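A.B. asks: Starting from the known structure of chain A, arrange chain B on it as the hints suggest.
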Amino acid sequence: MKKTSLLSVLVAGGILMTGCGNTDEAKKEDKPATEQAENTKKEVDLSAELTAYQKFALEQMDQFLIETEKFVNAFKAGDIEKAKAAYAPARMYFERSEPIAESFGDLDPRIDGRLADIQEEGKGEEEWTGYHKLEHALWVENKTAGYEAIADKLLADAKELHALVQTVEVTPDVMITGAVDLLNEVSTSKITGEEEIYSHTDLYDFKANIEGAEKIFEILRPKLEAKDKDLVATLDEKFKAVDDLLAKHATADGGYVSYKELTEENTKALAAAVNQLGEPLSQMGIILE
Amino acid sequence: MTVSNDGKWIDKKISRRDMLKLTGMGVAGVAIGASGLGGVMKVMGYDVFEPVADSTTAVNKVDFYGKHQSGIITPVQTNIYFASLDVLFTSKKELQELFKQWTPLVVRLMNGELMVDLTKNTRVPTGDTGEADGLDASNLSITIGVGPSLFDKLGIQHLKPEELKDLPHFPKDQLQKEFTGGDLCIQACADDPQVAFHAVRNLVRAASGKVEIKWSQAGFNSFPAGGGSPRNLFAFKDGTVNPSSTDEKDLNKVVWVDKGWLKGGSYLVARKIQMHLETWDRTSLKDQEATFGRYRDSGAPFGKKKEFDDFDVETKDSNGEYIMPDTSHVHLARKSGARILRRSYSYASGVMTNTGAHDAGLLFISFQKDPAQFTTVQNSLGRMDKMNEYITHRGSAVFACLPGVSKGSYIGEALFNAL
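First to last, the sequence lines map onto chains A and B.
FYI, in this note's numbering the residues of the first sequence are 280 to 568.
FYI, in this note's numbering the residues of the second sequence are 10 to 428.
Any given hint could turn out to be false.
Partner residues aside, some chain B positions facing chain A, computed with beta carbon under 10 Å [said to hold, decoys possible]:
(1) 128
(2) 129
(3) 131
(4) 132
(5) 133
(6) 134
(7) 214
(8) 218
(9) 219
Some residues of chain B that are not near chain A, with every Cβ distance over 12 Å (derived) [as the list claims (entries may be wrong)]:
(10) 60
(11) 144
(12) 173
(13) 206
(14) 236
(15) 379
None of these hints come from the bench; they were simulated from the model.
If you're wondering where the values come from, they're calculated on a predicted model, not measured in any experiment.
C-beta: ideal position from N, C-alpha, C; glycine also.
Chain A on its own, in the form it takes in the complex (with noise of 0.2 Å):
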């Protein structure tokens, strides 16, 4: 979840209808100044690419819903145990599709919400929903009594969230800059810890969001082929670099150590690996050219 002020979209069929929220917090970053003249050029054809994309973000949403079912329920069920051990696996789901996930301007904090987030917007603790309040729930407070609503309505958003997500029409700009924007993730706020605050698991979604990265890379690979092989090369090996890190930190059963337990030169080997990826995976905007 990133910090950002929230636009009111509404999407209906594929009809936008935009109502400008609130921008004021919104980055000092103009809009694309040369983007207006470029509408009359010729566009290259990604409608198989998009289509791929659609299809991978929506098997992602629907893993998503079941498995976010099984944690509420263990979660309600007062199995502590079996819902610490489905959280973070359940929320990769989320983290790979993250492009798309997030769309969705207000689902997104409900959902995917942390503390600092929701009181950065002005709000008050009692208006915190979603998987970090029943992180917190489970790691901290150890228990889930008292939190059964919160576990409904984290279910009820989540199937919101899965309705909505059907009638999303991927754009080539949700692909390129959702590649670049999952690493940025990464690099802001999992390699610093600072997403699973409490459970530390960071590094489930910090694996979910680079295999987000990577299958856009895939889907894209033959346009980028087409355009440039050495940026493929470079990104097979970037991706492999990130991979076979993130791999010596892997548990036995699948999972990941905590984050308390990586050193600052592991956090820093895997930081720099994620952003010499970055650079490279920033250029694939050339195959829009």
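C.D. replies: For chain B alone, coordinates are given in the frame of chain A:
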């Protein structure tokens, strides 16, 4: 993009994330990123090696091409951004490619131009990060050096000059790993802090996957309107006894290497020296002056009137005492007999987390034809130097700064031509 023609919409400041959320909705008929005109080559343009000339029209410009690299005898600028880098490759060939890649980029930076031209494609990040846009060359100088560890990493120890080795441990050194050593250095000096930082940032970014920053330090100097050397944070003038930048004979004696592939280059010693401002500030002026062996106001050596007056450290007063105390910094440094070209900058980087004291001091930088010159001075200071009470050496590095570059050549070519 459908949304972008909506005037009301684009007038709002909007973050990229918000943009993404909107575009993610993707209505029918979304325009897919239209192409730029003509065949733009590699978007970043980094891999095209073609000579770029020193601009003849740029203002406040230091020339790149010449017998020596800039930033050594270039008149000292007001700001520095110094970066020590580690390389991520293991072959000499990759080092050569990096230097070839950097050469035209450095020239453009020193011309005050965008390091890489903008392309029409707004769907990719720009090749130059842009924060120096609209600023002139600001007398930017860029000095690139190679550290001892580089030769070991690339398995080319036979090319390592025997003078190039880590400095020995000096009395009272408290070196921290995070400010020590490095395979390469980029010294960017300019009369604008943003221009200096921009240069390092962009060269490192252009070398993504090939280098990473090990440590870096920003610094500043301020020059009195009436001339003379700048004052350090102890308020004393620094660099007074430097060789003159126009005295070629003297520079050949003190600064320039005259043999091997490094001929025309120079050794850079960098020391990050924390200065304990709080204790210094409660020291009487008399003791402060005795610490340096100079008058604070004029910068003149004890017994003299003006900053640049010559002096003999052995001179004694009628009581048989040294006029310049033999524990003073200047006395000990001069007595060593060794000379160096000092090009230091002050730094102030917040507070020390463990003590709450200023994290401030001197990014000491000196150039010499042999690092042994620095070692001789530092050893002479030894335990005697009254200054030790007020300073702690926290970082240290030594680099062989490559010879100058002639048009059509590239940074460090002599190294690659050496057998």
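A.B. asks: Each hint needs a verdict: does it hold in this structure or not?
C.D. replies: Against the structure, the hints come out as follows:
At about 8 Å, the closest approach between the beta carbon of residue 128 (chain B) and any beta carbon in chain A falls short of 10 Å, and the interface hint on this residue holds. Checking residue 129 (chain B) against chain A by beta carbon gives a least distance of about 7 Å; that is within 10 Å, so the hint holds. The interface hint given for residue 131 (chain B) is met, as the beta carbon of that residue sits about 5 Å from the closest beta carbon of chain A, less than 10 Å. A least Cβ separation of about 3 Å between residue 132 (chain B) and chain A falls short of the 10 Å threshold, and the interface hint therefore holds.
Checking residue 133 (chain B) against chain A: minimum C-beta separation of about 4 Å stays under 10 Å; hint holds. Hint on residue 134 (chain B) holds. Least Cβ distance to chain A is approximately 5 Å, under the 10 Å limit. Satisfaction of the interface hint for residue 214 (chain B) is found here, the shortest Cβ-Cβ separation to chain A being roughly 7 Å, below the 10 Å cut-off. Hint on residue 218 (chain B) holds. Least Cβ distance to chain A is approximately 4 Å, under the 10 Å limit.
With a cut of 10 Å, the hint placing residue 219 (chain B) at the interface with chain A holds, because the nearest CB-to-CB distance is about 9 Å. No Cβ of chain A comes within 12 Å of the Cβ of residue 60 (chain B); the nearest lies about 23 Å off, and the non-interface call holds. Every Cβ of chain A is farther than 12 Å from the Cβ of residue 144 (chain B); the closest lies at roughly 19 Å, confirming the non-interface assignment. For residue 173 (chain B), the non-interface assignment is confirmed: its Cβ lies about 26 Å from the closest Cβ of chain A, beyond the 12 Å cut-off.
The beta carbon of residue 206 (chain B) sits about 18 Å from the closest Cβ of chain A, which is more than 12 Å, so the claim that it is off the interface holds. Look at residue 236 (chain B): its CB is around 41 Å from the nearest CB on chain A, clear of 12 Å, so calling it non-interface holds up. Non-interface call for residue 379 (chain B) relative to chain A: holds, since the shortest CB-CB distance, roughly 34 Å, exceeds 12 Å.
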